[in-house]
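2 protein chains.
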Amino acid sequence: MCSLLCQCFYRPEVLFKNPQIHVKNPHLDTMEEDILYHFNLGTKTHNLPEMFGDVKFVCVGGSANRMKSFAQFIHQELALPGNMDNVTDICEGTDRYSMYKVGPVLSISHGMGVPSISIMLHELIKLLHHARCIDFILFRIGTSGGVGLEAGTVVVTDKAVDCFFRAQFEQVVLGKVVTRSTELDVGVSKELLQCSSELDDVPTVIGNTMCTSDFYEGQGRLDGALCSFSTEDKREYLRKAYNTGVRNIEMESTVFAAMCRACAIKAAVVCVTLLNRFDGDQISTPHDVLVEYQQRPQVLVAHFIKKRLGLVV
Amino acid sequence: MCSLLCQCFYRPEVLFKNPQIHVKNPHLDTMEEDILYHFNLGTKTHNLPEMFGDVKFVCVGGSANRMKSFAQFIHQELALPGNMDNVTDICEGTDRYSMYKVGPVLSISHGMGVPSISIMLHELIKLLHHARCIDFILFRIGTSGGVGLEAGTVVVTDKAVDCFFRAQFEQVVLGKVVTRSTELDVGVSKELLQCSSELDDVPTVIGNTMCTSDFYEGQGRLDGALCSFSTEDKREYLRKAYNTGVRNIEMESTVFAAMCRACAIKAAVVCVTLLNRFDGDQISTPHDVLVEYQQRPQVLVAHFIKKRLGLVV
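Chains as they are written, first to last, in the numbering used here: chain V, -13 to 299; chain F, -13 to 299.
The set of hints was computed from the structure by calculation and includes no laboratory data. Don't take each hint at face value.
Straight-line alpha carbon distances no greater than 35 Å define the calculated DSBU-like cross-link-like pairs of lysine-lysine that follow [stated by the list, open to error]: (1) Lys162(F) - Lys292(F); (2) Lys162(V) - Lys30(F); (3) Lys30(V) - Lys30(F); (4) Lys87(V) - Lys54(F); (5) Lys220(F) - Lys30(V); (6) Lys162(V) - Lys220(F); (7) Lys220(V) - Lys162(F); (8) Lys87(F) - Lys54(V); (9) Lys30(F) - Lys220(V); (10) Lys252(F) - Lys162(V); (11) Lys220(F) - Lys252(V); (12) Lys87(F) - Lys162(V); (13) Lys226(V) - Lys162(F); (14) Lys176(V) - Lys162(F).
Treat the numbers as computed from the prediction; the structure is a model and nothing was measured.
Please build the complete structure, drawing on both the sequences and the hints.
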């Protein structure tokens, strides 16, 4: 392995100086073809620089339908030519992920949980590398459970923490645990908070986001198929989380932050809370209210993009 | 919490005596309504016993398209009335999972990775509980990487093991690690192997299945966005896995086995291998060959179901 890459692996700041380097894998240079299996794309079958070379903003989220709506929304917001209803799924040969490109914006679904988003991120980072993209920003726009916040609040993640409240991600590599930092880009987070202050109806805070590998027991829900703890045990855990700065809980942020940092990609996590977990576990809010909540991270990130493109001041 | 449930939590054999008990959560009895959020179903909005009361076989797999195809295939195999193309997605109000019911068979997608399948399993087990289903069998039919097996081989899982080759699943509950057994039903596995011997073109073995939380670094692939190990390191890890009995690698089996066992549900994991990992990492097999491979677990489980229903001898 090249010694520069070895040094860079634990020192992303070395890579930040060269915005063109994103992958951290010397083996890729020796491969004749790279098949991005879960995207149904490849370096021999597709002209990736032509398809994706102008991408400047990548937005990812769990639900395929939501990421299609986001692509249509961005189409409208950027006042691009053509009919926004005609956005087509670039990954249509597979149902693992959906991907839409609208001008300089890529919108991709990643399913639920760390493993699902990590497969997508490996292939996305390789795709952006093959396409020779530079200076792009990656956003996760998602939903979450709030901790001590009113439903509908948008949380821009300060630190992504694990279920022990540690700002780290443990990746098992060949049976050995490797611990990676989950630090996100402070500048982008602050810019997002500034953007929120310029919008109506997008109440936004910066706080820590806890990432769990389970929606029920892992997040202290009392309504799963399995539950061995009491209401008081649950409240105590949520209180502890709140006291360490956790404001929302979701299932992808740690690996998202860790992989982006390892590959020197500027990134932010922007999730709306669908409920306040101190008040309950089930999501019983009416469908139309939930739909409006889910649009808030989209509205915020769209405003950020428009400002960066000079479309609004 | 009731003392019987406390006892049962670590002794599933207590529950096996009463096939009607599946959930292990005393809080559920106190809930007026149970919203199965990711299925878009609920106890007040849907008559779950009427919709699902006759289910005897539940088949789950990662891809929504594949689970729709499986439902259509089962419709044909069981010679049910009506047009097999008309199977409808019961979860059509959400894109998190897809669900099809064909006679006594339920076919559901679960996405990729432990967190994604665990959300589905929590809601599925509650659904079957609310529907008062008894004596059903749960199958995971999926795809995997083979370890020392020719591509296209079907592996019926003996033990589901983690990336340290341990037959256990670690679940974090309120910040504490709980270790659960991943033992599967030996009788069902043997019956599946017997079924395979009655079929042409479904080469089948029983072996251990390793479940990882990452497709690239976690499975020793050299072609991810991040890779810090050599080809020899990879081969050594795969060799170790093989020597402990691992014959394939996928991303859901441990939590599937652990949750089914905790809830006293008879279950099996049946995955086809898409490649032999000793030969490579990328899935470059032609699409039509992959499609045929992916049908093999379906054909095997369909034969099992038909035998159980007395449709074949």
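Hint-by-hint comparison with the structure:
{"no.": "1", "hint": "Lys162(F) - Lys292(F)", "result": "violated, 43 Å"}
{"no.": "2", "hint": "Lys162(V) - Lys30(F)", "result": "violated, 47 Å"}
{"no.": "3", "hint": "Lys30(V) - Lys30(F)", "result": "violated, 52 Å"}
{"no.": "4", "hint": "Lys87(V) - Lys54(F)", "result": "holds, 28 Å"}
{"no.": "5", "hint": "Lys220(F) - Lys30(V)", "result": "holds, 26 Å"}
{"no.": "6", "hint": "Lys162(V) - Lys220(F)", "result": "holds, 12 Å"}
{"no.": "7", "hint": "Lys220(V) - Lys162(F)", "result": "holds, 12 Å"}
{"no.": "8", "hint": "Lys87(F) - Lys54(V)", "result": "holds, 28 Å"}
{"no.": "9", "hint": "Lys30(F) - Lys220(V)", "result": "holds, 26 Å"}
{"no.": "10", "hint": "Lys252(F) - Lys162(V)", "result": "holds, 33 Å"}
{"no.": "11", "hint": "Lys220(F) - Lys252(V)", "result": "holds, 30 Å"}
{"no.": "12", "hint": "Lys87(F) - Lys162(V)", "result": "violated, 42 Å"}
{"no.": "13", "hint": "Lys226(V) - Lys162(F)", "result": "holds, 13 Å"}
{"no.": "14", "hint": "Lys176(V) - Lys162(F)", "result": "holds, 34 Å"}
In this structure, the earlier hints numbered 1, 2, 3, 12 are contradicted, and the remaining ones agree with it.
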